[in-house]
Amino acid sequence: MRSKTFLSITGLVGLHLILLCAGFFAPYDPTAQDRELPYAPPTRMHFEDGYGFHFRPFVYAWTTSLDSDQIESYREDRTRRYPVHFFVSGSSYNLLGGYRTTLHLFDVESPGKILLFGADGYGRDEFSRVLFGGQISVAAGISATLIALLTGGLFGIVAGYFGRWVDEVLMGVTELFLSLPWLYFLLGVRAFLPLHLSTLRTFFLLTGVIGLIGWARPARLVRGLVLSSRHRNYVLAARGFGGSDFYLLRRHLLPEVSGLLLTQATLLVPRYIAAEVTLSFFGLGVNEPVPSWGNMLATLQQYNVLVSYGWLLAPACALVVTSVLYSSLADMFHSRLKSYST
Amino acid sequence: MSYIGRRLARAILLLVGVSALCFLFTEIAPGSFFDELRLNPQISPETISALRSHYGLDQPLLVRYAHWMKSALHADLGYSIAYNVPVAPLLWSRAKNTLLLTTTALVLTWMISVPLGVWTANRRGGLLDRMVSLTGSLLISIPEIVIAVALLAIAVRWRVLRVGGMMSADFESFSAWAKLQDLLLHLALPAFILVLSETAIIVRHVRASVLEVLGAPYVQAARGFGVSQTRLLFRHVLPVAANPAISLLGFSLAGLLSGSLMVEVICGWPGLGPLILEATLSRDLYLVIGGIMFSALFMVGGNLLADVMLLALDPRISREGTDAL
Chain H
1 MRSKTFLSIT
11 GLVGLHLILL
21 CAGFFAPYDP
31 TAQDRELPYA
41 PPTRMHFEDG
51 YGFHFRPFVY
61 AWTTSLDSDQ
71 IESYREDRTR
81 RYPVHFFVSG
91 SSYNLLGGYR
101 TTLHLFDVES
111 PGKILLFGAD
121 GYGRDEFSRV
131 LFGGQISVAA
141 GISATLIALL
151 TGGLFGIVAG
161 YFGRWVDEVL
171 MGVTELFLSL
181 PWLYFLLGVR
191 AFLPLHLSTL
201 RTFFLLTGVI
211 GLIGWARPAR
221 LVRGLVLSSR
231 HRNYVLAARG
241 FGGSDFYLLR
251 RHLLPEVSGL
261 LLTQATLLVP
271 RYIAAEVTLS
281 FFGLGVNEPV
291 PSWGNMLATL
301 QQYNVLVSYG
311 WLLAPACALV
321 VTSVLYSSLA
331 DMFHSRLKSY
341 ST
Chain L
1 MSYIGRRLAR
11 AILLLVGVSA
21 LCFLFTEIAP
31 GSFFDELRLN
41 PQISPETISA
51 LRSHYGLDQP
61 LLVRYAHWMK
71 SALHADLGYS
81 IAYNVPVAPL
91 LWSRAKNTLL
101 LTTTALVLTW
111 MISVPLGVWT
121 ANRRGGLLDR
131 MVSLTGSLLI
141 SIPEIVIAVA
151 LLAIAVRWRV
161 LRVGGMMSAD
171 FESFSAWAKL
181 QDLLLHLALP
191 AFILVLSETA
201 IIVRHVRASV
211 LEVLGAPYVQ
221 AARGFGVSQT
231 RLLFRHVLPV
241 AANPAISLLG
251 FSLAGLLSGS
261 LMVEVICGWP
271 GLGPLILEAT
281 LSRDLYLVIG
291 GIMFSALFMV
301 GGNLLADVML
311 LALDPRISRE
321 GTDAL
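Top line first, the protein sequences correspond to chains H and L. In terms of our numbering, the first sequence opens at residue 1 and continues consecutively. In terms of our numbering, the second sequence opens at residue 1 and continues consecutively.
Next up, chain L with everything else stripped away, as it sits in the complex:
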């Protein structure tokens, strides 16, 4: 259990570090949200300074950070200047959509890449292996934004999928079944873009780790004892090969979240991405910080999940405790 405890402490430390980094940047950066207001002759300087003190921007960095920390502990991430509402509920309403998109993509990616990785490692040099590695290296070298734009162009031109937003305009009038169908049709394109670019990376890693285990002496011994290939793969190789693959899960989440931000903006999926982009464009300080904190929270959560899975699957960790990983 101390393993999970240590991981948790580390996660919290990371979150604190990220927030400190954010506040440090706000201090270094010149200009603020109110710069645009200052150009407006109808708004007096007194109003602006009143607003500044209202949002606590006139206080020194450490005081602001302490205030923010204190309220963040009560799940209050401050007030959005542009939307004039608390940040946390606003972010959460969008974060749900991002979570839907990323978890769908994550699950699909792993459901595709694990069998594909095991298969290509098993039949190394075969037709499928060569095809997968060729497509994979091509997909890895093509930037994600190009994949997204190209697939969007195809989807829009041939009208295969619903593009833009998360649901059709007359969504409320649909029956429950039609609602689900509509949602899935909207989800398909952004999820597909993410799955395509992520799978290319993950298959590679799964294949490499399976290959490494396949060469191990104990696998050869098992083969010598006459264990069938299927049983060998799934009973002897996969559990060992799963360890690096699961560590990869947390890592792949970073790529997925970045990718999802971009894909959301391009496909008009109402997740965190478009919100953060708007906040960036309007320099909505607390909203941006809140968005970064949310993404960090997802990352940390994903990593913790991977740690728990590792603990459950790899007995070495719980037994040794200290020096594993």
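Excised from the complex, chain H in its bound form:
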């Protein structure tokens, strides 16, 4: 149990670090196209050539050739080796938002290319795109969660604490939000907002919409908890000693709620990442050429791409890894909360 917890936390921290420093781990610019390499398959790592074993892995460049059925296919050009170098300079990028640098973890010499997850239809490196796309998708999930939890927590506390008509009105509104299938709702709200915007504005719009639709469930949970702990003896005692509403909320009810909010956060983040992916998949989210896991998966809507170029499922795999890590953390929080309360 403990090792599992450790594993999932390490995994999550590692994942977020990698995504945060996407520019360093990605060998190429995510929008750099290579018209020579559309749908190039993943590059294979080699250690051995005709002359023996090399400790430094190397790759071969892809060349296109027509096979017997006149279909273009990729073959490795074995005439020249491209050893993989570490900590080399390549395209420039902004590390952590500000620091401009050209340092990359790995790359090969110039005409050669190292495409760990292959390339998409424009010959863009799928691996770099997964990393940069993950930056956007995961950031969207986290900010939408923050919005949902802040608004939900606020309204939940207010409804639970003040009760009566405030409670009734607020809970009526949450019921309204919960009574709609979220995806219909999401599309509906999205329909009334401009379609083509700059990436930054789209991002804020998306997170805002997802977060504002999701506030209802945390609000109900928080409200229930506040309602039940409002009449606990220590709260009543504090009130009897003259504690103000604000003091009671801050000192006694907020700590009560924080555990719940944390558990909700681990549950909501993967769900909202998936929501962003779904919207971008439908073409309602982040627009090309900026990558997000959703608009990368959108190319798979063409059946021939789906069948022939399996490596383009890489963003889906990344999404699964992220979700599984988050939900194992959520499981852990959940069982801990349970063991506290009993």
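The set of hints was computed from the structure by calculation and includes no laboratory data. Ideal Cβ placement from N, Cα and C applies to all residues, glycine included. Treat the hints with care, as some may be off.
So, partial list: chain H residues that the calculated Cβ filter (under 8 Å) puts toward chain L [what the hints assert, rightly or not]:
#, residue
1, V84
2, F86
3, V88
4, P111
5, L183
Only some residues are given here: those of chain H computed to face chain L with a beta carbon under 8 Å [said to hold, decoys possible]:
#, residue
6, A274
7, T299
8, Q302
9, V305
10, L306
11, A316
12, V321
13, S327
Distance ranges between label pairs, derived from CB positions [said to hold, decoys possible]:
#, chain 1, residue 1, chain 2, residue 2, range
14, L, P244, H, L254, 25 to 35 Å
15, H, G208, L, G224, 35 to 45 Å
16, H, G243, L, M111, 46 to 56 Å
17, L, S49, H, L105, 36 to 46 Å
18, L, G5, H, G208, 49 to 59 Å
19, H, T10, L, A75, 40 to 50 Å
20, L, A75, H, L7, 48 to 58 Å
21, L, G226, H, I9, 19 to 29 Å
Please arrange chain L on chain H, whose structure you already have, making use of the hints.
Using the frame of chain H, we list chain L on its own:
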């Protein structure tokens, strides 16, 4: 009966609330369908303003809402701007397909999850229980869109099922039996995706509620009287455990409808999903509002159905009336 009456009143209130919310959003949101037209130099501003007044978009919010409400009572949800036809028949023709898909998925989900949930609760910690809970937690943590895309990839690659649309191109020439077969083959993939992701959730809940009841004193007493395990499960436990499970039915409908929207788009099933998506992309105001209203209507209908079932199955509700649920 007052129980059903109260539920009905609540449902209607919800529908009114949803429509009000929709109109509120249209008012807040910048831009409209005509923004694209405005960019076209061949269309004069007069034409656009004429169109705007034709669709009633130049009137204040409350007037528009009142108009819409009045016509909605006659099952008229306005006019689609992009398709240039009334919204309600257009939506209804697609909604039938969505209903077919979701009810199939719903029935299958419950037919699988109830026996599985009861069985795993009965044999707690057994091999099947552990397998089901492991697969379940995996399926829950994998986003639905990934499940859909992955299954679609498998289906397309191995050509096991018909993919895309609802019927083959030469559907009209088939015999009645072949038509049914064709329809089922097309239905299989989207329904399977939905069932897979829904079952994972429902089995959990059914198992939990059966487990809770299994620990109750009256079950122990019955066991002490020598009631056989099968009779205990089906006669004593299941009716009580059914109560939370049925409340879940209405709730699971929300997930199912959302899931079905996405699955419809991915698999090309001609339901409400692709229509709403197109309407969203072209900002076809009344069509979007109509679509949301339809989905809300399904939800409310499903919840009412669950309420009626609860009333029929749980005598406590009809007897006490006021404070149950």
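List of violated hint numbers, smallest to largest
Those not satisfied are hints 1, 2, 3, 4, 7, 8, 9, 12, 15, 17, 18, 19, 21.
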